[in-house]
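Protein chains: 2
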Amino acid sequence: MQPPVQRRRLEPDERRSEILAVARTLFGERTYSAVSVSEIAQQAGVVRGLINHYFGSKRELYLEVVRQMLIVPPSVAENLPRTTTEERVSICVDRWLDVVERNREMWLSAIGSEAIGQDRDTEKILLEADEVATDHILQAAMMSDVVEGREKLRAMVRAYGSMLKAASREWLVRGALNRADLHVMLTTSVLHLLQTVFPAVHGND
Amino acid sequence: MQPPVQRRRLEPDERRSEILAVARTLFGERTYSAVSVSEIAQQAGVVRGLINHYFGSKRELYLEVVRQMLIVPPSVAENLPRTTTEERVSICVDRWLDVVERNREMWLSAIGSEAIGQDRDTEKILLEADEVATDHILQAAMMSDVVEGREKLRAMVRAYGSMLKAASREWLVRGALNRADLHVMLTTSVLHLLQTVFPAVHGND
DNA sequence: ACTTCTATTGACACTACGCCAACAACGGCA
DNA sequence: TGCCGTTGTTGGCGTAGTGTCAATAGAAGT
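Protein sequence lines, in the order shown, are assigned to chains A and B.
Residue numbers for the first sequence follow the UniProt record's numbering, so the first one is 1 and each next one is one higher.
Residue numbers for the second sequence follow the UniProt record's numbering, so the first one is 1 and each next one is one higher.
Just so you know, the hints here were simulated from the structure itself, not pulled from any lab data.
A hint or two may mislead.
Heads up, the list lumps identical chains together, so a pair's fine if it works in one copy or across two of them.
To be verified - Pairs of lysine to any residue residues, derived as SDA-like cross-links and limited to a Cα-Cα distance of at most 25 Å, are as follows:
hint	residue 1	residue 2
1	Lys124	Arg16
2	Lys124	Val46
3	Lys124	Glu105
4	Lys124	Asn178
5	Lys58	Val35
6	Lys124	Ser75
Kindly generate the complete structure, drawing on both the sequences and the hints.
Okay, structure coming up:
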């Protein structure tokens, strides 16, 4: 007699999440093209076609994974005390480090998939995430409503975001920096950008 | 009668470069998996199998492209005057901006392929390039032979490198920052890291 | 128990990749 | 000049991955 691996019929949402969970893991540890849909299907205990049924194509499934992993919890910039900019930014950075430390591997594989400027869709998702992060920082610095030179300001903060990610990786992966180091570095750097560089740059056409 | 497209027999090196040139273009404008070897072969006026002959596999060809695009010209940190750290760093940043501006599209597609932590090979190539860039900066800042806290220092500079890339992108692609802005931002930021953050962080275990 | 709905399956068509034996262009040698 | 060996180059074969779709079979409602 056959092993009783009869087909399970699940709610679409449930099946969807099961597949997504597997995909998240595999895409996290290998390249896009090094992961086959068959493999995802197999590990999810499902036939390959079903994945196309739920997500359309492999690429769409991948984008869904990236999207899901890049949600930055808004808690990072919420309920900040009404003190100095310095202190607010410091708290914000601290919360960020908390989030990253807690979701270590998930966050790592999230930024691991960074393929900037390669295809429109991935790029769009990443850019959106960056904008959200930028909002958080500006909010913490109480500079959300700067209008003059707004774009320059945002551009600088976006660039800073890259350093933030890179530094976090240095901490988590290589261990070359510890948490306290990061805190100092990230806090003072963004303050330097906002309080020194931005005013200096502000005039240039 | 057929067009006289008889087969050309070239020197291996020459054929190799022709294929690489096409591959560079295509991988530059589309994702790895969105570019087929057949397409590269076609545009290079060559049969698909020949590419396997020269590069082994598609992935190896890709890695070759990435490797070739990431060579940072050492001229950036060469022959710097023996003046203050500030001025030397300033010159270094300026030269960097020159390089980037001149090789605009090539550089953009180079960093476009950044896929950190995805597969070992790509990661390795990127890390090596980062180390070289770090050397340049430390050399400019006359801090090449710092021993105490060397790893922290390098880690910070590597992280700074990410900001440098991101800021350059902001300049070239979005135009949100101009060259003068970048110069101020990049120069003062790295000085801030080296002269303020590094000493502050130095003690922490 | 029967029907209905739809989640799930299996098979088909197509494309892409790696491999390999056969072919032919070019340089050497008589 | 004409043959000949080296090797750059080709075309085709086998396999694996992807997307589509009609057919199947759980599960819920009657």
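Practice task
Quick one: which hint numbers does this structure break? Sort them smallest to largest.
Solution key: Hint check: 2 fails alone, others pass.
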